[in-house]
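Protein chains: 2
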Amino acid sequence: MGQLTFHSETERHEWLRSQADLPAGFKAGVTSFTFKPREMNTTARMNLTLLTCDPPTEKFAAVFTRNAFPGAPVTIGRERLKEKKLGAVLVNNKISNVGAPDGVKNAETVCAAVAAALGIDPRAVLPGSTGVIGWRLPAEEIVAAVPALVKTCQDQSVLPAAEAIMTTDLYPKVRSVTIGDGRIVGIAKGAGMIEPNLATMLVYILTDVDVSRNDLRDCLARAVEESFNAISIDSDQSTSDTVVLISSGKAPCPDLEAFAHGLNSVCRKLAADIVRNGEGVKHVIRVTVTGAPDMIIAKGVGKSVINSPLVQCAVAGNDPNVGRVLMAVGKFIGNEHPDINAENCSISIGGQTVFANGVFQLDPDRETVLRAHLESAQLYESDPPDARGVFTPPVRFPPHEKTVDICVDLGCGGARFTVLGADRTHEYISENADYRS
Amino acid sequence: MGQLTFHSETERHEWLRSQADLPAGFKAGVTSFTFKPREMNTTARMNLTLLTCDPPTEKFAAVFTRNAFPGAPVTIGRERLKEKKLGAVLVNNKISNVGAPDGVKNAETVCAAVAAALGIDPRAVLPGSTGVIGWRLPAEEIVAAVPALVKTCQDQSVLPAAEAIMTTDLYPKVRSVTIGDGRIVGIAKGAGMIEPNLATMLVYILTDVDVSRNDLRDCLARAVEESFNAISIDSDQSTSDTVVLISSGKAPCPDLEAFAHGLNSVCRKLAADIVRNGEGVKHVIRVTVTGAPDMIIAKGVGKSVINSPLVQCAVAGNDPNVGRVLMAVGKFIGNEHPDINAENCSISIGGQTVFANGVFQLDPDRETVLRAHLESAQLYESDPPDARGVFTPPVRFPPHEKTVDICVDLGCGGARFTVLGADRTHEYISENADYRS
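Line by line, the protein sequences give chains A and B. Going letter by letter, the first sequence gives residues 1 to 437 in the working numbering. Going letter by letter, the second sequence gives residues 438 to 874 in the working numbering.
One chain only, chain A, in its complex shape:
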């Protein structure tokens, strides 16, 4: 982290392109079409994205949202995990297919169309949807577009797919690593709230490294816990969140541990990209909790800090408001683990100790240093609002990967956990309140 710096959208795009080579055995295709939703009187545009693995593979894994009202693609996806093989993933944006009439039936219809075009089993096609909830999936229009979609498939770059799955994302997200003669390449979408109805994170990770189905599933579960489950933009959890990992098995695996390590790295970097691209995000906040009785508590403390609206607002204003951090730590411990003795708790921001032995350590000089730390991590200066009071972020790429670093040492154990979050800005409110859905 903290290594990459970009001075323009073009520069970042060139870097993305360099990361996006498809692993052996995979193809990617994209198309789009205009349609008339039944629920409104205008037209809308939908992207379709197809990822194929030829031949279909038994080596695949997936993790889905825990939301009690999952979208139809999640309901189907959970069933697909029991299937022998996976040969394709079909993703649409614009409509999430959540709480919509005939959701599962329509999703199966489009999977069957893809399967027919590719000559594979319909249950070897995994659907994915993101966008407005409640709207009916335009199954007929999607089926009609499938032949054109299949024709666009190529085996060079996953970048067009990373772009096509976007909704309100400001920029595409691609990360990759090399493992022996093979590669792991992941793409992600997600920006907090989408289109503008729902936070949805979709992640597709492709690899040619030959890892068994069971090992893939173990590795993915662990990687997700420390990456996608360790971030929060708005503490809300989509009904569609999905992470998929597929191996074509075309390259030998030099070492399972190296693979797991590479997968963790791709997941952590994509997760950080999602936060950095979060709606209205001006600062990424990294909270490291150490000295905890166990990892669950360390994670809980970290999430309490990054999900505190008061901490988020302070960071947005470059205000090193140490009282709010202490409040958020104490809120979690006092309510969830009142048995913990927190008297040895210490807190630092940007490496400066600000609280220890029950007392704040504040003076004007330290305040200046803390403020400089917050300012250096800012992704952009806000533009003034327009005539209607609407704020729009002035950049469409992340100029750097710096974070606001908050460390909380609970002083009562040996466990640690790191979480990533974001500040709360006028740009976030404008994105989510000023525009009507």
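No wet-lab data here; the hints were simulated from the structure. A portion of the hints provided could be inaccurate.
[As the list claims (entries may be wrong)] Partial selection, computed: residues in chain A whose CB lies under 10 Å from chain B: (1) P70; (2) S238; (3) G334; (4) D363; (5) S382; (6) D423; (7) S430.
[Claimed, not checked] To spell it out: a stretch of chain B is covered by chain A in this simulated footprint if at least three of its residues, at any positions, have a beta carbon under 8 Å from a beta carbon of chain A; those stretches are: (8) 492-506; (9) 575-585; (10) 838-850.
The C-beta atom is built at its ideal place from N, Cα and C for all residues, glycine as well.
Given chain A's structure and the hints, the job is docking chain B onto it.
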């Protein structure tokens, strides 16, 4: 609820005055002074508020924050609960006395000064503080101001006290009921985040109704659970939250149940006032959860909805975004109670069913009705931001008591709970991010 309407600050003030008669046995005094905090190079102004009960009474109760880093007044207050008698409450604003050097010692010093002036035991004085955290309490300056403070004491109205304990509150909060020949009168401060460092709620409830110490404590614990513990402005929990109930015992209690009922009413109305006065609040949101397996789950679902930033933003924009409500319900159930069968869940907004049988029930006509419900509950129209992009609420009083009414029927039990929350607006961000502490 929903009864009171005010057309001006003056009109509301007159109504407050009519509610504010002190019960028999109590006096209230206020004063203020300017001082130089050690932590900054300017001057600051502090209000002192004194509430006395003459003679000191053994009939008192208090409930404090569960935050693991309580302020010195909370630490002392917990000890005071074991004392035989309570004769006075001393409240200062401006400084919260949290994480400050010599916090307990300084608070005890000012209590002793009040006790000496009143001729009572120092341990019969309860301290309360709200404001900036980390700053040292100016004990010497407070002690010097105590004689003047005692001189201002009068037995007519609690309104000066309700005004003096305010920090960023837009207006004072007083509620009262009559019980037989006696009264219950409560005052509250709290607006989300204070001064601008910390959310702090301080509530003082005075009654002349003669209720035993044990009954008072039982009644208060129950009243708090359904009032102050059923609201959320920003999900953050202050290190200083305090609710105190004192009886002078001067009026006979006609019926303990009537007293408990009256206390509940005062607490519920003060809690609603606090939400309505929350920083940047444009809509109060009332979420009623029914059909739950138990009350804890009903409350959890309600809090998940009112604490969802996406729901909050949608309401701020008068957007009846039913998908976000479903997401928030599903997030809580799926993560905390995945065993619950939620397939019979239904959701209504403003009395209109919007989700049932797993499918949204949306059409353009219903959207119009829902939007009208949100607009009718709006407390004010935002003024445009100033040249620096800062939004300021245009009213300093609540013109009405209408709420955005969301009902969630989980369809899997008989328990219910109602929570109050608020929307998330540019005014909130301006209050908490645009101003530097």
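Is the listed coverage of the stretch 492-506 of chain B by chain A valid when you require three or more residues with a beta carbon under 8 Å from a beta carbon of that chain? Held - the stretch 492-506 of chain B has 5 residues with a Cβ nearer than 8 Å to chain A, which meets the minimum of three.
Double-check A:D423 for me: the hint is only fine if its C-beta lies closer than 10 Å to a C-beta in chain B. holds (8 Å)
With chain B as the partner, please determine if A:P70 meets the hint condition of a C-beta pair closer than 10 Å. With a minimum Cβ separation of about 8 Å from chain B (threshold 10 Å), the hint on A:P70 holds.
Any CB of chain B closer than 10 Å to the CB of A:G334? Holds: closest Cβ of chain B sits about 4 Å from A:G334, inside 10 Å.
Holds or violated: is there a CB of chain B closer than 10 Å to the CB of A:S382? At 7 Å from the nearest chain B Cβ, A:S382 passes the 10 Å test, so the hint holds.
Do the numbers back the hint for A:D363, that is, is its least Cβ distance to chain B under 10 Å? holds (8 Å)
Can we keep the A:S430 interface hint, with Cβ of chain B closer than 10 Å? Holds, because the Cβ-Cβ distance from A:S430 to chain B comes to roughly 8 Å (cut-off 10 Å).
Hinted contact A:S238 with chain B - closest CB pair below 10 Å: It holds, given that the least Cβ distance between A:S238 and chain B is near 7 Å, below 10 Å.
Chain A over the stretch 838-850 of chain B, status - at least 3 residues with CB closer than 8 Å: violated (count 0)
Per the coverage rule (Cβ-Cβ under 8 Å, at least three residues), is the stretch 575-585 of chain B covered by chain A? As far as the stretch 575-585 of chain B goes, the hint is violated, because 0 residues have Cβ atoms under 8 Å from chain A.
Hints 9, 10, counting from the list given before, are not met by this structure.
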